[in-house]
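**Q** Sequence:
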Amino acid sequence: MGGFAIGTTEFASMGILPAFAAGLHIDEPTAGHVISAYALGVVIGAPVLAVLGARMSRRILLIALMALFAVANGLSALAPTYGWMLAFRFLSGVPHGAYFGVAALVAASVVPRARRSQAVSRVLLGLTIATVMGVPFANTLSLLLGWRWTFATVAVLAVLTMVLVFALAPKDPPHPEASPLRELGALKRRQVWLTLGIGAVGFGGMFAVYAYLASTLLAVTGVSAEVIPAVLGVFGVGLTVGNLFGGWAADRFQMRAAGGLLLWSAASLALYPMATAHLWSITPVVFLVGCGGGLSSVLQTRLMDVAGEAQTLAAALNHSAFNVANAVGPWLGGMAVAAGLGWPSTGWVGCALALGGFAIWLVASADPQGKPAEAPQA
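Residue numbers for the sequence shown follow numbering that gives the first Met the number 0, so the first one is 0 and each next one is one higher.
In case anyone wonders, no lab produced these hints; they're calculated from the structure. All clues stand as given, with none of them false.
For lysine to aspartate or glutamate, the following EDC-like pairs were computed, each having C-alpha atoms within a straight-line distance of at most 16 angstroms:
(1) Lys187 with Asp304
(2) Lys187 with Glu308
(3) Lys187 with Asp366
These numbers come from a predicted model, not from an experiment.
Using the sequences and the accompanying hints, generate a full structural model.
**A** What follows is the structure, encoded as structure tokens:
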């Protein structure tokens, strides 16, 4: 439920951008800065809150993070001006990465070690299902009742998540040796940085295509605007399937699963430019590109193995890396389009980024520290 709430507010903001731009009396490019503010909040908030919450019980920390998320989204629904909206969306992004990181650790702690990645993929399932169900619902709600109700609904989902975590999450005492300094120890580990680099670069390929998918469908494929939500839904289904497969593969093949998924992404992204001319060809390729999202659960578990005692910070940083990818991919894809290479060129940009992530994976795999000792119980 927490992942569903976060995924809905993150992805629905893009869909309702024209509505809140008009409501706040700003143009759409300026409104786009609101989405960037959220991503910036994720990148900054994940490590800061993970370190500050080092001495807290993970159950209590999850509730506190979701409380901040609920308040920030409630304030977003009430934002009177663009400036306030910018501040509230930044605040909404602050707990995002830390929540997913801590939730992944809690999920991994209640299953046998051989099923940790599948447990992590269940946590991320809320995020992927949000792209299939939450975003269309939010867009419909915005059309019927106004864009403010989208953020208000997310705030309600966040409160429901707090209740569920309080009632169902295991009661764990704080680790007696936990401290901010111990969490910062993760930053000394080369494998942590390499794993984060794989996500920041390799995941950027998927975002390079996704950010301009609607524009490509309109300008190249030639479909009507009514078809776009269905194709985006296909992407979400691929993301969900890939996430479940990634968890299964990571439990069986560990880091090799990441290399396989990066090559999958590179291949599917290379097919994208050739598939954009027709709806019948672009739709299955969009599904294949979405399946590459399974990389997230693989890297989340990998960080548990290489972070030593600094589990919380490393787990949270994973989502900072993904939001770096969310910034880098569209930026490079936009440069290709602006250079006159056309909307389909985003697929080649995405393929290059996926291969860049694979190159970092090769370095990480060859590193003597690439086969860490038995990781502590999450």
